[in-house]
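Engineer: Could you slot chain B onto chain A? The hints should help.
Which chain is which? The protein sequence lines are A and B, in order. In this text, residue positions in the first sequence follow my numbering: the first is 17, and each later residue adds one. In this text, residue positions in the second sequence follow my numbering: the first is 17, and each later residue adds one.
Hints were generated in silico from the structure; no laboratory data involved. It is possible that part of the hints are untrue.
As the list claims (entries may be wrong) - Example chain B residues on the side facing chain A (calculated, C-beta under 10 Å, incomplete): (1) Thr181; (2) Ala227; (3) Val283.
What you are looking at is a predicted structure, and each value in this text was computed from that prediction instead of being measured. All residues carry an ideal CB built from backbone N, CA and C; glycine is no exception.
Number of protein chains: 2
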Amino acid sequence: MTTTLADSPFLQAARGGTPSHTPVWFMRQAGRSLPEYRAVREGVAMLDSCFRPELVVEITMQPVRRHGVDAAIFFSDIVVPLKAIGVDLDIVPGTGPVVAEPIRSADQLAQLRDIEPDDVEPIAESVRGLVDELGSTPLIGFAGAPFTLASYLIEGGPSRDHRRTKQLMYAEPELWHALAGRLAAIAGQFLRVQVENGASAVQLFDSWAGALSLADYRRFVLPHSQAALSALDGLDVPRIHFGVGTGELLGAMGEAGVDVVGVDWRVPLDEAVKRIGPGKAVQGNLDPTTLFAPTEVVEREAARVIEAGRTAPGHVFNLGHGVLPDTDPDALTRLVDFVHGYDAR
Amino acid sequence: MTTTLADSPFLQAARGGTPSHTPVWFMRQAGRSLPEYRAVREGVAMLDSCFRPELVVEITMQPVRRHGVDAAIFFSDIVVPLKAIGVDLDIVPGTGPVVAEPIRSADQLAQLRDIEPDDVEPIAESVRGLVDELGSTPLIGFAGAPFTLASYLIEGGPSRDHRRTKQLMYAEPELWHALAGRLAAIAGQFLRVQVENGASAVQLFDSWAGALSLADYRRFVLPHSQAALSALDGLDVPRIHFGVGTGELLGAMGEAGVDVVGVDWRVPLDEAVKRIGPGKAVQGNLDPTTLFAPTEVVEREAARVIEAGRTAPGHVFNLGHGVLPDTDPDALTRLVDFVHGYDAR
Numbered sequence: 017m018t019t020t021l022a023d024s025p026f027l028q029a030a031r032g033g034t035p036s037h038t039p040v041w042f043m044r045q046a047g048r049s050l051p052e053y054r055a056v057r058e059g060v061a062m063l064d065s066c067f068r069p070e071l072v073v074e075i076t077m078q079p080v081r082r083h084g085v086d087a088a089i090f091f092s093d094i095v096v097p098l099k100a101i102g103v104d105l106d107i108v109p110g111t112g113p114v115v116a117e118p119i120r121s122a123d124q125l126a127q128l129r130d131i132e133p134d135d136v137e138p139i140a141e142s143v144r145g146l147v148d149e150l151g152s153t154p155l156i157g158f159a160g161a162p163f164t165l166a167s168y169l170i171e172g173g174p175s176r177d178h179r180r181t182k183q184l185m186y187a188e189p190e191l192w193h194a195l196a197g198r199l200a201a202i203a204g205q206f207l208r209v210q211v212e213n214g215a216s217a218v219q220l221f222d223s224w225a226g227a228l229s230l231a232d233y234r235r236f237v238l239p240h241s242q243a244a245l246s247a248l249d250g251l252d253v254p255r256i257h258f259g260v261g262t263g264e265l266l267g268a269m270g271e272a273g274v275d276v277v278g279v280d281w282r283v284p285l286d287e288a289v290k291r292i293g294p295g296k297a298v299q300g301n302l303d304p305t306t307l308f309a310p311t312e313v314v315e316r317e318a319a320r321v322i323e324a325g326r327t328a329p330g331h332v333f334n335l336g337h338g339v340l341p342d343t344d345p346d347a348l349t350r351l352v353d354f355v356h357g358y359d360a361r
Numbered sequence: 017m018t019t020t021l022a023d024s025p026f027l028q029a030a031r032g033g034t035p036s037h038t039p040v041w042f043m044r045q046a047g048r049s050l051p052e053y054r055a056v057r058e059g060v061a062m063l064d065s066c067f068r069p070e071l072v073v074e075i076t077m078q079p080v081r082r083h084g085v086d087a088a089i090f091f092s093d094i095v096v097p098l099k100a101i102g103v104d105l106d107i108v109p110g111t112g113p114v115v116a117e118p119i120r121s122a123d124q125l126a127q128l129r130d131i132e133p134d135d136v137e138p139i140a141e142s143v144r145g146l147v148d149e150l151g152s153t154p155l156i157g158f159a160g161a162p163f164t165l166a167s168y169l170i171e172g173g174p175s176r177d178h179r180r181t182k183q184l185m186y187a188e189p190e191l192w193h194a195l196a197g198r199l200a201a202i203a204g205q206f207l208r209v210q211v212e213n214g215a216s217a218v219q220l221f222d223s224w225a226g227a228l229s230l231a232d233y234r235r236f237v238l239p240h241s242q243a244a245l246s247a248l249d250g251l252d253v254p255r256i257h258f259g260v261g262t263g264e265l266l267g268a269m270g271e272a273g274v275d276v277v278g279v280d281w282r283v284p285l286d287e288a289v290k291r292i293g294p295g296k297a298v299q300g301n302l303d304p305t306t307l308f309a310p311t312e313v314v315e316r317e318a319a320r321v322i323e324a325g326r327t328a329p330g331h332v333f334n335l336g337h338g339v340l341p342d343t344d345p346d347a348l349t350r351l352v353d354f355v356h357g358y359d360a361r
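In isolation and in its complexed conformation, chain A is listed as follows (with noise of 0.2 Å):
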C-alpha cells in the first residue's frame, strides 16, 4: 500500500478523520531516550544542534526510522527563535533555557524585533532537507508559546510558581501585553516558516500554561496564543496545541484557533473531549512513567487511552508529557506496534 502524505494516518487523524490505524507520535520522541541521539549529541550544546542542519535532520528523523512513528516532530527547543533573533541566553545541562538579562521593563521590549529569514535560515533548510527524507511521513513543526516564553524571558530561566511573570501580568498587565503580544508575532513567524519550508502540521507548546487559573488564561495568555497560531492563516496545515496540567484549560485552548487540542495523562481523553467541545481532535495521553512499567500494564493502559479516544472526532495517539530521558527505546517501538496493531485485532 503506497501512502501519500496527505492521506497520512496522522495528517487524517488531526484533520478529524478517522484513519485506517491510530496514528502515533511522542513528544521528545527526538532525545535523550535513543543512544543514536547521545551519540551525534556528544560534545555539541543544545543550541548549537539546534542551528546546525546536517544534525537536526539527523536527530529528527531517528525516532523515524527507529520506531516507525507516524509523525516526525522537528527537533528545536522553545528558546531558539528567541536565540535567532540575538537574545542573549543559553541551555544549561541540569537547568534549562537561562536568559543574561531577564525582560522586566518596557525599554527591554525592543531587542524582542521580528524573526528575520536570515535569522532562521538553519531552520528553513533543516526542514526541506527533512520534507525531502521523510517522503510520506508528515513533519510537525514546532514553537513555545507566548507564555511559557515569556516566563524564561521574565524569570530568567525555569520557575516553579512563575511568580515574577505573574506579578508582572498583575500589577503591570500593558507591559505583559506588550512582551507577549511581541513574542506571539515571534512564535507565529517561527512556525510559519517550518510551515512555508514543508512541515505539515504545528504544535505550539504552553509548557507552563497549567500554572494559570483559567481566568488568568483567558485575560492574559489565550488571546496572545490565539496571536500565534493565527501566523498560520491560509496556510492550510493542522494546528496541535498542549500543555502539561491544563486539565481546567483545555476548553480555553481549543479556542485558539487549533484543530487538535493535546492533553495530558491526569485527564481521560473522553472527559478531556467533553471540555474541548464539538469538532476538535485529541491527542494523547499515556501516563510516560507508564513505560516503566511491565509490558502488559503499557498495554492495557494503551488500549484504555485508545478506547477513550475513539470519542473524538480524531486521535492522534502521544504520552501525556514528553518521554523521560530514562525510558527503554524497546518499549517506545513496542508501544508504536501495539497501537498501530490495536484497530486490527
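Structural biologist: Using the frame of chain A, we list chain B on its own:
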C-alpha cells in the same frame, strides 16, 4: 466578645457552619516569609528545629501573633514521623528531603515500624505547650499523606515525575500496598499524637497526589489516605485534606474521610464544591503569587475567592498553596484584615 475554642470561626467553618467572619490561615504561614522565623532558625537545621519544643512553639506562634490568623498550623515537616522512627534521612537546604537508602524492596519495609510514644515525645510536648499559649485559637495538626511519603522514600528525594514510585505501583502492586499501608499507619499515629495532646483539627497533606490520574489515585492511594485519617476515628476533630494540582481528584479526596477539602488556585471554589459533592467544607484558594501584586489586585482576587466559597457549607480562607518565601509579611497581614472585614462591609 470572648470566644471559646469550640466556637472559634475556624472550627465552625471546618464543621460546615457559618461563623461571624470567614476564618483565614495560610499554609506555610510559619516559615521563611517571616524575619523572626529566619532569626530563630539561624544555625539550626530544619529537622533539628522540628524536635525542639521551644522552637516549635515559637515558630508556630509567630504568624498567629503577627497576622492574627484564625488557626495555628503545627510547625513540622512531612518527613518528621519517618525521622522519629529512625529512617536515615535529612532535609538538604535548596533540595528538600534526601533519604540515605531509598526503599524499593520488601525486606526494607521492616524499618517502617510503628511510632512509639518515646519517638514523638518532643512532638507531644510541643503540642501541649502550644495549646497552652494559643488559648481560644485552634491548633491544626499536620502530617504528610502516604503517597507523598512513599514518593520521598522510593525516589530518595524530591522528584518531578515520580517515575520510580509509579513504576513500583504498576510493576509490584503488592509491595506498593504494603509500603503505603505502613506509611498510612505511621501518618495516622503521627496525627493522633497531636490530637491527643490538644490539636483541634488536622491537615493531611498530599503534596504530590496531583501527579496521578484519577484511576491510579483511586486504586493506589485513596485507601491508604483513608486508613491514615481513620486513626482519628472517635476523636472529634475536623480533618482537612489537601494536595496541589488535584483538580481531577477533588471528588475522590473528599471520600477519604474528611470534613474539609483543600483546593489549589487552579479550580474556582464554586466549581470545586460541585466536584467534591455535598456536605464538605472547602479551604483555599488564592494563588500565592497574587501577594506580589498591588493591594487592589489582592483584594479583588480575595473577594472572588470569598464569594465563590459561599457555595460551600463552610469555607476556610487560605492560599491555594504555601506562602512563597519572598512574600512580604505585611501583605499577609493586610490580607487577613481584608478577609476578616469582608463580611462586615
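Engineer: Against each hint, give a clear statement of whether it holds in the structure.
Structural biologist: A quick look at each hint next to the structure:
1. Thr181: holds, 8 Å
2. Ala227: holds, 8 Å
3. Val283: holds, 6 Å
In summary, this structure violates none of the numbered hints.
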